[in-house]
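Listed below are the residues making up each chain.
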Amino acid sequence: MATVHAGAILTPEERLARRRLILRDAFSLISLFLITAILFILTLLLFRSFTNHREELGARWKTRGEIALHAGHPEIAIDDLRSALAYVPSRDTEIELASALADAGKTQEATVYFTTLWESAPGDGTINLQLARLAAKDGNESQALFHYQSALDGTWQGNGYDRRREVRLELARYLIARREYIPAHTQLVIAAGNAPDDPAIKLEIAGLLEQAAAPRDALGLYRSLTARADPPIAALEGAGRTAFALGMFRIAAESLRRALAAPLATQQPDNEKATVHEMLDASQRILALYPAFDLPPRSRGERVLSLKRIARERLTECAGSSPAAPPRLASLVSRWDQLQSGLTPPELEQQPELEQSITQLVWDTETLTAQVCGAPAGDDALLMRIAQNPAAVEQE
Amino acid sequence: MPDPRIQIGAIAPPDTDIAGITAAPALPTPPVSARSGRPSDRQARSGLSATLDRIAPTRDERLFLVLSIFIGVISGTLVVAFRIAIEWIRLLTLGSAPHGGQYRLLIAPSVAGLIVAALVIWFFPAARGSGVNQTKAALYIYDGYISFRTVIGKFLTSALAIGSGHSLGPEDPSLQIGAGVASIIARNLNLSRRRLRMFAPIGAAAGLAAAFNAPISAILFVIEEVIGSWSAAVLGSLVLSAISSVVVARWFWGPEPLFRIPSITVRDPRELMAYAVLGVFGGLLAPVFSLILGYLRPRLRALPRWTLFLQPAVAGVLVGAIGFFGFPQVMGTGYDVIDQALHGQFVWQILLALVFLKMLATTLSFSSGTPGGMFAPTLFIGAMLGGAVGAFEKHFFPHLTGTVGAYSLVGMGVLFAGFLRVPLTSVFMVLEVSGNYSIVMPIILANTLAFLISRSLQPVGIFETFTQQDGLDLPSMEEQREEAVLHIEDALQPATVPLVTGSDTLQRVAQTIAETHASAFLVRLIDGSWYAMSADELTSASATLTPEAPIQRALQPDRTPLLFPDMPLDSALHYFPRWPLLPVLNRASRGTLEGMLTLDDVLRRYRGGE
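Residue numbers (our numbering), protein chains in the order written: chain R, 1 to 396; chain W, 1001 to 1610.
Just chain R, with the same shape it has in the complex (with noise of 0.2 Å):
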């Protein structure tokens, strides 16, 4: 602004001069100010305009890329998302694209776009997951196995409980496809352990575990669920698989017979349906061989004796076939060639310990016959499975 000097000492035109220019210099502020504003405002309307424009962009394109992603397109949905970013920049869309890049195959691209999201965020369990995805892909076991646990061990938006079990599940699918069912059998188990009372989730639970092998923990499973009021026919086939796979027939029996009469068995596919009765068949016909202990002693004693013959007539049979018998298998005619003939089921209920010893004869033959001579057919091959473990076959 104009000012004077103090000591200065002007004339009268020049005093005229000094506040025509202080006049002069306040309207050309006041102009300026005025300028200001109305360039100010002008700018603020086109930003206005502008910035609505960019962000309809931006959800248009994010809803494009999304709609193609899920419509299994992802080389479309990375055009899109990356659109979307370059309007409306969010943490979400970039994971959006990562994923679309990772569906397309681009895999380098997808580790290199993940590994700079995962630096930024080595916590977020979505990010993690991915990368474990990737890395599983790319056959590294190690930085697989390292992502998912922090997937497991990381944050999630929204329910990020059941993110995490999803996440376990599929740590445990990766681990069965390659054979290492005991860390898949620990991570199943945990998930079990936390899995609310969801019938599909246990299921799905129960199908891994029976991969995993580990039947005892899926039979647990499915039992849970045969127990309810109305049980999915996936349950009742899982116990009677599971149990039949584990020598268990009597559960099984019972868990096949009740899969066969639910109401929606008859929607059960063709071959499934024949399977199951394939079991239940074996099943029952497996526990009016086993000499049951709850038998009356008279009915078990026939069931041994006739246990006795049918395995006699193995042993013959493949005795007969071997022209050079092994060494096992002549020390087994030997402990047949001891066994008293001609007894009775009164005789055996007076010598439980014949009984027994008799028994273990049968599961010993068609053991060692098996070995000897191949799989078993008819009588013979339930019995063989009697033999893997004979206690198991009343278990309740």
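Treat the hints as calculated values from the structure; they're not laboratory data.
If you're wondering where the values come from, they're calculated on a predicted model, not measured in any experiment.
Treat the hints loosely; a few may be bogus.
To be verified - Beta-carbon label-pair distances, calculated as ranges:
no., chain 1, residue 1, chain 2, residue 2, range
1, R, ASP103, W, GLU1256, 29 to 35 Å
2, R, PRO89, W, PHE1396, 54 to 60 Å
3, R, HIS53, W, ARG1299, 38 to 44 Å
4, R, ARG19, W, PRO1547, 54 to 60 Å
In this text, a Cβ means the ideal position worked out from N, Cα and C, and glycines have one as well.
Chain W: place on chain R using the hints.
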């Protein structure tokens, strides 16, 4: 009628830009008076300044600061509008998601090139070329004059060119728009010529600060590349204008930096080796880029006049072709692509391809005379180079390197230092746009290496190359920065002349002078001040005073200036007509003599003698 002696706008004549296509001036044609520097204009200006100095001696100084804020606010607003205009044009011409195979990528830049060429040749000849050099020319040649037409032309033509996909950046035009706004405002307030000159860089800082959303970098750039020296007189105004413009820009864009920077840390000191490799690559690439630009630009300008109408269009077709055949990332400013590189969205092979394609596209666009700047392309190429080097190193040495984004970030600074030759700005620019000071060591290391390698391979910087091609002789800021400034201590001599005190009698002093045959001597006064007296002056005084009179009664009222060893040597020069010699004092101890200076000592030092 106002007093003719303070007629506002009397100095600057109406805009008289002329086309001058055959001469192909890249710089604004100055007003006739400024160009000719006629004595009558100079005298009118001097007379007006003298009048203003008399009736309002502090007016300039006060207006200078107030106007700096206005300049900052207006520049910031205009730069925001400029950026929005670019984005709108981009949406309208290239669509919201340009990708390979779209014919509009070929059509838009070529049609825009035709329009821009016509506008530049017929209406806005000064819009062509580098805004940095035009601002420097305004400062050093045209008394701070940048016409209103140039500002409008730069805004329109640059927005059209960049928005339609030419590979250029908005920062350089923003800088010139800011400088132009400052020039217009200063001219209309009839400030002194010295102030008028300084307004162009102040506006330039405001424009650049708003464009980068980084005030410190903008100030440093203007000091490093436009003004060339630190000056306390202008620093305050630079800061005010830059901060004002950034406040406005942030009001619109928000406080976020120009790019979304991922979390970056340096994990291991050994990682510095990897950044050093990046610095070396940047130092090697920058001269290549300079050489290509320096080679093509003059050759295109030397083509027949009619081709100037077509050159931007042809460049547009070629740049569009790069986009059409799968690399639309090279079109336009490329900010979003830099952002993607910072977030590791590309593999190193793509990044490397983008480095060379962007160099090609930018060379074509800029050399064709299309208005636009080199800052954004430099950042783009640097980011891609950094990303490529980082991704490559990460792929092959995964335990040695950190995030790819960090390399992209450092890469931006590397090329800024190597190509634009502004090492200090390059460091602060990266720090400001990232807001992350943990990466300062890699930046300093890589930028320094890039700067040194680039300068050793290509001694002439890119801005200097352009000014030489334009036939101008603007000062080289790079050389000016490193020029050794002589100080008083460089010419300082021990005080060999007689030293007397003010209370010594004339008789005694005369006797001393007679004994030593000295032509001059120094008098120390009781208040610590000094007086240098010649033997002739002593003789004159002896004729009027008694021999017993103290020498201080023979002294004139003035005293020798306060000079200290650290002051610039030239600051002593203008005292010699008055004083036969000058005492040089100690800053720590008032009145204590360090030595003395004579005119011969100063001249001998300037001639190179010791």
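To see whether the hints hold, each was checked on the structure:
| no. | hint | verdict |
| --- | --- | --- |
| 1 | ASP103(R) with GLU1256(W): 29 to 35 Å | holds (30 Å) |
| 2 | PRO89(R) with PHE1396(W): 54 to 60 Å | violated (30 Å) |
| 3 | HIS53(R) with ARG1299(W): 38 to 44 Å | holds (41 Å) |
| 4 | ARG19(R) with PRO1547(W): 54 to 60 Å | holds (59 Å) |
Hint 2 alone, counting from the list given before, is not met by this structure.
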